[in-house]
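Q: Sequence lines, in order, name chains A and U. The first sequence maps to residues 1 to 225 in my numbering. The second sequence maps to residues 1 to 40 in my numbering.
These aren't lab readings, by the way, just hints derived from the structure by calculation. Among the hints, a few may not be true.
Stated by the list, open to error - From the derived model, a few chain A residues whose C-beta atoms are all more than 10 Å from chain U:
#1 L17
#2 Y133
#3 F134
#4 W175
#5 L214
Claimed, not checked - List of simulated lysine-lysine pairs, DSS-like, C-alpha gap at most 30 Å:
#6 A/K145 / A/K4
#7 A/K15 / U/K3
#8 U/K3 / A/K16
#9 U/K3 / A/K106
#10 A/K212 / A/K4
#11 A/K21 / U/K4
#12 A/K21 / A/K145
#13 A/K145 / A/K212
#14 U/K3 / A/K21
#15 A/K4 / A/K15
#16 U/K3 / A/K4
#17 A/K16 / A/K4
#18 U/K4 / A/K4
#19 A/K21 / A/K4
#20 U/K4 / A/K15
Claimed, not checked - Okay, the calculated beta carbon distance ranges per label pair:
#21 A/P144 / U/M9: 23 to 29 Å
#22 A/V101 / U/K3: 51 to 57 Å
#23 A/G100 / U/W2: 49 to 55 Å
#24 A/Q116 / U/K3: 58 to 64 Å
#25 U/W2 / A/G8: 16 to 22 Å
#26 U/L15 / A/P201: 31 to 37 Å
#27 A/G42 / U/K4: 27 to 33 Å
#28 A/I216 / U/L15: 38 to 44 Å
#29 U/Y7 / A/Q116: 53 to 59 Å
#30 A/V101 / U/L6: 45 to 51 Å
#31 A/W12 / U/Y18: 19 to 25 Å
As the structure is a computational prediction, the values presented were derived from the model and not from experiment. For every residue, glycine included, the Cβ atom is placed at its ideal position computed from N, Cα and C.
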Amino acid sequence: MLQKVIAGQAHWLAKKLDYGKSEEEVLKYSLNLVFTSILGYGVLAVAASLLGVLPTALAAALSASALRIFSGGAHASRLSRCVGLGAVVFIAIGWLAAAGVPFMEKIPDLEVLTLQTRVILILIVVIGTGIIYFYAPAPAPGKPKQTYLQVVVMRSCSLALLWWWGGTVWLVYSWQWGLEHQEVLLASQLGIVWQLMSLTPLGFGLLRGGEKMLDILFTVKSEKL
Amino acid sequence: MWKKALYGMASVLFLLAYANVSVTSVLFGYEPEVPEALRK
Numbered sequence: 001m002l003q004k005v006i007a008g009q010a011h012w013l014a015k016k017l018d019y020g021k022s023e024e025e026v027l028k029y030s031l032n033l034v035f036t037s038i039l040g041y042g043v044l045a046v047a048a049s050l051l052g053v054l055p056t057a058l059a060a061a062l063s064a065s066a067l068r069i070f071s072g073g074a075h076a077s078r079l080s081r082c083v084g085l086g087a088v089v090f091i092a093i094g095w096l097a098a099a100g101v102p103f104m105e106k107i108p109d110l111e112v113l114t115l116q117t118r119v120i121l122i123l124i125v126v127i128g129t130g131i132i133y134f135y136a137p138a139p140a141p142g143k144p145k146q147t148y149l150q151v152v153v154m155r156s157c158s159l160a161l162l163w164w165w166g167g168t169v170w171l172v173y174s175w176q177w178g179l180e181h182q183e184v185l186l187a188s189q190l191g192i193v194w195q196l197m198s199l200t201p202l203g204f205g206l207l208r209g210g211e212k213m214l215d216i217l218f219t220v221k222s223e224k225l
Numbered sequence: 001m002w003k004k005a006l007y008g009m010a011s012v013l014f015l016l017a018y019a020n021v022s023v024t025s026v027l028f029g030y031e032p033e034v035p036e037a038l039r040k
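Chain A with its partners taken away, still in its complex shape (with noise of 0.2 Å):
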C-alpha cells in the first residue's frame, strides 16, 4: 500500500518536471527513504507516549540511529518487521532506564553514583571501539558493495562518533541538568549498547531469532482464525 502511494507521487513528480525513467527511480528511493523514517518514527513516538517513554525511547532511538547512519548494523527483511521489531527494542531500553534510575538514586552518596556511572561509560566506549574496529560497516542490504576506502572512512566516522557522544555524555553529566534527567542519559547509553550489539553476530542472531518468532506468532493465529 505504502509503496504503491510511493511510486505514484514519483511518478507524479518525474511527470512534472520532465525526467526520465532513471530520475523517477531515484526520486521513488529518496522518497521511500523518506516515508519510512517518518512512519518508523511516527509508531515509535505514538506507542512510547502512550506507554509515557517517549523522551527515553526517543534518547535511545536517536542515539542508535545517529551511530547506525556509518557503522550500519543488523536489518530487518521487511518494513513491517523493522518498523515494529525497532518500536517494541526502543520502547523496552526507554522503560528499562525509566525504571533503572529510582534504583541509581539509592545510592546515597553522589561521588560514588557519579563514579559508576562514568565507569560503565567508558566501558561502553572502550568495548564500542572494539566492536567498531572489528565488524563496522556492516553490509547493507541492497547497497552496491563498499570500496575499501569507504569502510576505512565509515568505520573513522562510526569511531569519532562513539568518542563524541562519550565525550557529550561525559559533560551532561557533570551539569545539573544531567542529574535531572538521568533516565534520558542511561537511555542514550543503552541505545549505544543495542546499536553496537546488533554489529556483531550476537545481533544479527537476536534479529533473526526475533523474525522467526514474529513468524510463529503470526502463522499460529492466522491458523486459529
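Chain A is already provided as a structure; the job is to place chain U on it using the hints.
A: Positioned in the frame of chain A, the structure of chain U alone reads:
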C-alpha cells in the same frame, strides 16, 4: 512559481538519495533497493 518549488523539492530528494548511498545505513534501519542509476 510552483514548478520552481517542485524543482527545489526534487533537488533535495536527489541529494538525500546520493547521500544515503554514500553512508552505510538509513535512520530507521530499513533499506530499500538502491536503483540502478545510483549504482554507477
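Q: A separate judgement is required for each hint: does it hold in the structure or not?
A: Cross-check of the supplied hints:
1. L17: violated, 6 Å
2. Y133: Per Cβ check, A/Y133 is outside 10 Å of chain U; nearest 15 Å; holds.
3. F134: Label holds. Min Cβ-Cβ 15 Å, cutoff 10 Å.
4. W175: holds, 28 Å
5. L214: Since the minimum Cβ distance to chain U is about 15 Å, A/L214 lies beyond 10 Å and the statement holds.
6. A/K145 / A/K4: holds, 28 Å
7. A/K15 / U/K3: With a Cα-Cα distance of about 12 Å, the restraint between A/K15 and U/K3 holds, given a limit of 30 Å.
8. U/K3 / A/K16: Given pair U/K3, A/K16 holds - Cα atoms ~8 Å apart, limit 30 Å.
9. U/K3 / A/K106: The given pair, whose Cα atoms are some 61 Å apart, is violated under the 30 Å limit.
10. A/K212 / A/K4: Distance ~27 Å between A/K212 and A/K4 Cα, so the pair holds.
11. A/K21 / U/K4: holds, 21 Å
12. A/K21 / A/K145: holds, 24 Å
13. A/K145 / A/K212: Holds, at about 27 Å.
14. U/K3 / A/K21: This hinted pair holds, its Cα atoms lying about 19 Å apart.
15. A/K4 / A/K15: holds, 16 Å
16. U/K3 / A/K4: Holds, at roughly 24 Å.
17. A/K16 / A/K4: holds, 18 Å
18. U/K4 / A/K4: holds, 26 Å
19. A/K21 / A/K4: holds, 16 Å
20. U/K4 / A/K15: Distance of about 14 Å is within 30 Å: holds.
21. A/P144 / U/M9: 23 to 29 Å: Given a distance of about 26 Å, which is inside 23 to 29 Å, the answer is holds.
22. A/V101 / U/K3: 51 to 57 Å: holds, 53 Å
23. A/G100 / U/W2: 49 to 55 Å: holds, 52 Å
24. A/Q116 / U/K3: 58 to 64 Å: holds, 60 Å
25. U/W2 / A/G8: 16 to 22 Å: holds, 19 Å
26. U/L15 / A/P201: 31 to 37 Å: At 35 Å between Cβs, range holds.
27. A/G42 / U/K4: 27 to 33 Å: holds, 30 Å
28. A/I216 / U/L15: 38 to 44 Å: Holds, since A/I216 and U/L15 (Cβ atoms, about 42 Å apart) stay within the stated range.
29. U/Y7 / A/Q116: 53 to 59 Å: Given a distance of about 55 Å, which is inside 53 to 59 Å, the answer is holds.
30. A/V101 / U/L6: 45 to 51 Å: holds, 48 Å
31. A/W12 / U/Y18: 19 to 25 Å: 22 Å Cβ-Cβ, so the 19 to 25 Å window holds.
The structure shown violates the earlier hints numbered 1 and 9.
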